[in-house]
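Starting from the known structure of chain G, fit chains Y, W and B onto it as the hints suggest.
Protein chains: 4
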Amino acid sequence: MDKIKVGLFGFGKTGKVVAQEIMQDKQVDFAWVVRKTKTSNHKYASRLLGFEFDSTPFFSADQISEDFFKNHPVDFIIDFSIASSYKEYAAAPKLGIKIISAISKLDVVAIEVLKEYSKHSAVLYSPNITLGINFLLVASQVLQSIAPKADIEIIEEHFRDKKGISGTALKIANILGLENTKHVNSVRVGGIVGKHEIIFGLPNQTIRLVHESINRAAFGQGALFAAKWLYDKPTGFYSMEGIISDMFKQNIPVY
Amino acid sequence: MDKIKVGLFGFGKTGKVVAQEIMQDKQVDFAWVVRKTKTSNHKYASRLLGFEFDSTPFFSADQISEDFFKNHPVDFIIDFSIASSYKEYAAAPKLGIKIISAISKLDVVAIEVLKEYSKHSAVLYSPNITLGINFLLVASQVLQSIAPKADIEIIEEHFRDKKGISGTALKIANILGLENTKHVNSVRVGGIVGKHEIIFGLPNQTIRLVHESINRAAFGQGALFAAKWLYDKPTGFYSMEGIISDMFKQNIPVY
Amino acid sequence: MDKIKVGLFGFGKTGKVVAQEIMQDKQVDFAWVVRKTKTSNHKYASRLLGFEFDSTPFFSADQISEDFFKNHPVDFIIDFSIASSYKEYAAAPKLGIKIISAISKLDVVAIEVLKEYSKHSAVLYSPNITLGINFLLVASQVLQSIAPKADIEIIEEHFRDKKGISGTALKIANILGLENTKHVNSVRVGGIVGKHEIIFGLPNQTIRLVHESINRAAFGQGALFAAKWLYDKPTGFYSMEGIISDMFKQNIPVY
Amino acid sequence: MDKIKVGLFGFGKTGKVVAQEIMQDKQVDFAWVVRKTKTSNHKYASRLLGFEFDSTPFFSADQISEDFFKNHPVDFIIDFSIASSYKEYAAAPKLGIKIISAISKLDVVAIEVLKEYSKHSAVLYSPNITLGINFLLVASQVLQSIAPKADIEIIEEHFRDKKGISGTALKIANILGLENTKHVNSVRVGGIVGKHEIIFGLPNQTIRLVHESINRAAFGQGALFAAKWLYDKPTGFYSMEGIISDMFKQNIPVY
Numbered sequence: 001m002d003k004i005k006v007g008l009f010g011f012g013k014t015g016k017v018v019a020q021e022i023m024q025d026k027q028v029d030f031a032w033v034v035r036k037t038k039t040s041n042h043k044y045a046s047r048l049l050g051f052e053f054d055s056t057p058f059f060s061a062d063q064i065s066e067d068f069f070k071n072h073p074v075d076f077i078i079d080f081s082i083a084s085s086y087k088e089y090a091a092a093p094k095l096g097i098k099i100i101s102a103i104s105k106l107d108v109v110a111i112e113v114l115k116e117y118s119k120h121s122a123v124l125y126s127p128n129i130t131l132g133i134n135f136l137l138v139a140s141q142v143l144q145s146i147a148p149k150a151d152i153e154i155i156e157e158h159f160r161d162k163k164g165i166s167g168t169a170l171k172i173a174n175i176l177g178l179e180n181t182k183h184v185n186s187v188r189v190g191g192i193v194g195k196h197e198i199i200f201g202l203p204n205q206t207i208r209l210v211h212e213s214i215n216r217a218a219f220g221q222g223a224l225f226a227a228k229w230l231y232d233k234p235t236g237f238y239s240m241e242g243i244i245s246d247m248f249k250q251n252i253p254v255y
Numbered sequence: 001m002d003k004i005k006v007g008l009f010g011f012g013k014t015g016k017v018v019a020q021e022i023m024q025d026k027q028v029d030f031a032w033v034v035r036k037t038k039t040s041n042h043k044y045a046s047r048l049l050g051f052e053f054d055s056t057p058f059f060s061a062d063q064i065s066e067d068f069f070k071n072h073p074v075d076f077i078i079d080f081s082i083a084s085s086y087k088e089y090a091a092a093p094k095l096g097i098k099i100i101s102a103i104s105k106l107d108v109v110a111i112e113v114l115k116e117y118s119k120h121s122a123v124l125y126s127p128n129i130t131l132g133i134n135f136l137l138v139a140s141q142v143l144q145s146i147a148p149k150a151d152i153e154i155i156e157e158h159f160r161d162k163k164g165i166s167g168t169a170l171k172i173a174n175i176l177g178l179e180n181t182k183h184v185n186s187v188r189v190g191g192i193v194g195k196h197e198i199i200f201g202l203p204n205q206t207i208r209l210v211h212e213s214i215n216r217a218a219f220g221q222g223a224l225f226a227a228k229w230l231y232d233k234p235t236g237f238y239s240m241e242g243i244i245s246d247m248f249k250q251n252i253p254v255y
Numbered sequence: 001m002d003k004i005k006v007g008l009f010g011f012g013k014t015g016k017v018v019a020q021e022i023m024q025d026k027q028v029d030f031a032w033v034v035r036k037t038k039t040s041n042h043k044y045a046s047r048l049l050g051f052e053f054d055s056t057p058f059f060s061a062d063q064i065s066e067d068f069f070k071n072h073p074v075d076f077i078i079d080f081s082i083a084s085s086y087k088e089y090a091a092a093p094k095l096g097i098k099i100i101s102a103i104s105k106l107d108v109v110a111i112e113v114l115k116e117y118s119k120h121s122a123v124l125y126s127p128n129i130t131l132g133i134n135f136l137l138v139a140s141q142v143l144q145s146i147a148p149k150a151d152i153e154i155i156e157e158h159f160r161d162k163k164g165i166s167g168t169a170l171k172i173a174n175i176l177g178l179e180n181t182k183h184v185n186s187v188r189v190g191g192i193v194g195k196h197e198i199i200f201g202l203p204n205q206t207i208r209l210v211h212e213s214i215n216r217a218a219f220g221q222g223a224l225f226a227a228k229w230l231y232d233k234p235t236g237f238y239s240m241e242g243i244i245s246d247m248f249k250q251n252i253p254v255y
Numbered sequence: 001m002d003k004i005k006v007g008l009f010g011f012g013k014t015g016k017v018v019a020q021e022i023m024q025d026k027q028v029d030f031a032w033v034v035r036k037t038k039t040s041n042h043k044y045a046s047r048l049l050g051f052e053f054d055s056t057p058f059f060s061a062d063q064i065s066e067d068f069f070k071n072h073p074v075d076f077i078i079d080f081s082i083a084s085s086y087k088e089y090a091a092a093p094k095l096g097i098k099i100i101s102a103i104s105k106l107d108v109v110a111i112e113v114l115k116e117y118s119k120h121s122a123v124l125y126s127p128n129i130t131l132g133i134n135f136l137l138v139a140s141q142v143l144q145s146i147a148p149k150a151d152i153e154i155i156e157e158h159f160r161d162k163k164g165i166s167g168t169a170l171k172i173a174n175i176l177g178l179e180n181t182k183h184v185n186s187v188r189v190g191g192i193v194g195k196h197e198i199i200f201g202l203p204n205q206t207i208r209l210v211h212e213s214i215n216r217a218a219f220g221q222g223a224l225f226a227a228k229w230l231y232d233k234p235t236g237f238y239s240m241e242g243i244i245s246d247m248f249k250q251n252i253p254v255y
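Protein chains in written order, with our numbering: chain G, 1 to 255; chain Y, 1 to 255; chain W, 1 to 255; chain B, 1 to 255.
Keep in mind that the hints were calculated from the coordinates and are not lab data.
Predicted, not measured: the structure shown is a model, and the values here were computed from it.
Just to be clear, a hint being listed does not mean it is correct.
No copy is singled out in the list; a pair is fine if it fits within one copy or between any two copies.
[To be verified] Derived pair list, reagent style SDA-like, types lysine to any residue, alpha-carbon separation capped at 25 Å:
#1 Lys-3 / Ala-150
#2 Lys-149 / Thr-14
#3 Lys-149 / Phe-225
#4 Lys-162 / Lys-195
#5 Lys-36 / Pro-73
#6 Lys-182 / Ser-166
#7 Lys-182 / Ser-145
#8 Lys-149 / Lys-182
#9 Lys-162 / Arg-208
Okay, chain G solo, but in the shape it has when bound (with noise of 0.2 Å):
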């Protein structure tokens, strides 16, 4: 496999963290990134993450016409930046540029614009993209389906501020088809940077899928994994849960 070419959209909280990751992939080809900020004392997103040479140029948003992606042409546009910056990159798909958006809360018109997309060239669209949630995601739904008995409840747990049920509490919830009103407890405490963990109760016997965020650098590293595995995939549309779930069907052990 050559070296995969990735763009970034996104450089805030998140994105900074996970333009740390794409930059130490040896696989990938870290091209550029594109930020809202104009001006900037750094050329370079590699001297704001704190290495010591020139590479990957920050490009801010009202630099980006439809030449932009032919004169800086990479495999994949990684997006995690914000819910309408998806308008911005209409061009790329039609040039062969597979996308990956892991904005956390798109709107369904937003998500119908991907789908148009994925008739040029393959979209990924997921708002919990890490390895670990997607795999709870159809690790349950799997034991849903063997233990049809099992009650189900979903603990979440987050720091103080964070405002709401968790959306991929939300996810699990509805995809498991339980009223997240009543099967859904929230904890929010102290500085818990976030933990999920679904309950499975049977009359003899209790199963626990849990997984536990240590920081944000999990959703660089999943949106690198759905990259190298779309990476010779077709035309069409994508998420998270439906790579892990294929890959579940390639693994599950013979016996």
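Below, chains Y, W and B without anything else, positioned relative to chain G:
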């Protein structure tokens, strides 16, 4: 589906609890129990289990001959007795009776004999027949394939007097290719019934698959689950992991 | 210390398990059991508990008069029966008999009467008399004082059919000044015997105090623990938290 | 209380995070930082920590003489540097400056010298100065006294590259009289920041005291907590456990 006709070998600590589960399953007709004790004040297992009716007579090992299985036909023999009992039902598979052996430590010779039996009828052998543990076995193998760089450790907790590493933990370690002297942590305290935790550590996230036993009835539930699954299956040698593995295949969500 | 002479009120689901614990304690002489059921095939609790000897006779409620306690003197009455039984042993405290009531839901009137009793003898009332839960109650109050800025949440897990929030969780919430509708998370799944977790969240660390019930015998152990502690104590109204709180004082390490 | 004037030794991985905490505490006046690095583009710690103002100048070790502490007086020296730094502030205690050393592995000689210092001023030494771990240390000793028959095991989990058993786990084992080779279970996987769990097993219940580190700022919080507590204390040798133990005494609830 007709009622499944079941005979049970073993009425010790676990056997009794398993009998209770079989007795309460409305899809099952519980034909008889073979146990070591010869004389007994009670002729019926139902009475010893606290029910106010006569059903499911006891037989002792020396009452079992080839004719026994002809005169007291069943669909399944479920074996929770001792490591040598398999000899006593040698005639059964040839009559088309299926076998479910849940003996915790069968030697190689015994397993070979069970494989012989499986030429005539469906035979399942699983030392830990609970649904939960077998779900963990399969799910952890899948996760290991998806995240091959994850570090894996096992913690197993049991009551203070349990000797040695749990057989289940050894099996998990073995199937994941982990040296059990290095990667299995055994905790022996108080009266813990049984807890197994498989920890997958990635740089930025941790995934835990946890199974907690509440009581031995889980074994009975596992055996009944296996019986229903095997009911219309052809001759052959089966395991609980194999069944769960197969159910994974059938139940992976499609995206 | 002489053997402690104990009489038990209550022989229901919990009472039976408690009786088993009392019977096995070598420091205790188990004098009698008062139970609702009038007629019985068994005259002795020992037989119903599976022992091969005659000891600890049964009495029914209508056999209890003031004389009963004179004719069948004990050091302690342990009460695991029903909310109104306290009336039946009104005569006992005046004879110097100490009372341990572990009824889960006593009303205000009943508690007032117990306080009256405590003018004549030592009387302890604790709706959850296990050592572990009371350790959590005291330790969590200490931690709250040490770390007043910590956010606190309670998770309690029980079998699916348990109605309402657990009384123990309500008590913990109340004693820590937490609104139970906001800070108690109730999980009801399968057959979980009982788990209480108090989570203290600080910006950079999380502390969890967890109690897991394995079976009801813990109540019997708690009552016996209380009896031994109260054996040489003066008249007065006691609680298990008070005892544990006192033991904290005696056992804080000195540096 | 006046603002507490603090000087910091150490600006490595942990030192930097600690400095951040000190800088943000409004009850503290952060006077200076002594660090190994001689030359620096930055004269002020504030700048290196990302603040937009000049405060808290750096000094290098070779600028420290007896006069230094006279010319730059503080109430406290907080030491998160290296095992030999204690020599550099030998003159401070005689000027009434209190010392808080949080070096993780001081040898016996160093500790003896700190004890010498403590004849002139209050000196605290604690290799793990977080509030949570010290709460566990004291609470577990109390629980061991209350439930002497409980079996105790320790599980500690850390990132894969951490060598040897954690010092904190060793200390817990030591203080509870447990052989660490038998009763400490070390799990090394992925990027776990730090988790310590002390399990108390009784026949019918299990109690778990759990501490999870989110990040190193907990050390800074611990040091500041200690400084505030020590502010008006007399000369003497203190430890964080001793402080927490004292706070236990002050805060045990009265019934």
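Verification of the hints:
1. When the C-alpha separation of Lys-3 and Ala-150 is checked against a cutoff of 25 Å, the pair qualifies only between copies, where the shortest distance is 23 Å, while the shortest distance within a copy is 46 Å.
2. For the identical chains of this complex, Lys-149 and Thr-14 are inter-copy neighbours only, at 23 Å across copies versus 39 Å inside a copy, given an alpha-carbon limit of 25 Å.
3. For the homomeric pair Lys-149 and Phe-225, the shortest alpha-carbon distance between copies (12 Å) is at most 25 Å, but the shortest distance inside one copy (34 Å) is not.
4. Taking identical chains as interchangeable, the C-alpha atoms of Lys-162 and Lys-195 lie at most 25 Å apart whether they share a chain (13 Å) or sit on different chains (23 Å).
5. In this assembly of identical chains, Lys-36 and Pro-73 lie within 25 Å of each other by CA distance solely inside one copy; the values are 20 Å within and 46 Å between copies.
6. Within a single copy, Lys-182 and Ser-166 get their C-alpha atoms as close as 14 Å, and across copies as close as 17 Å, so both meet the 25 Å cut-off.
7. Within a single copy, Lys-182 and Ser-145 get their C-alpha atoms as close as 21 Å, which meets the 25 Å cut-off; across copies the closest is 33 Å, which misses it.
8. Proximity of Lys-149 and Lys-182 under a CA criterion of 25 Å is satisfied intra-copy only: 17 Å inside one chain copy versus 29 Å between copies.
9. With identical chains, the CA atoms of Lys-162 and Arg-208 are at most 25 Å apart both within one copy (24 Å) and between copies (20 Å).
Every hint, counting from the list given before, is met by this structure.
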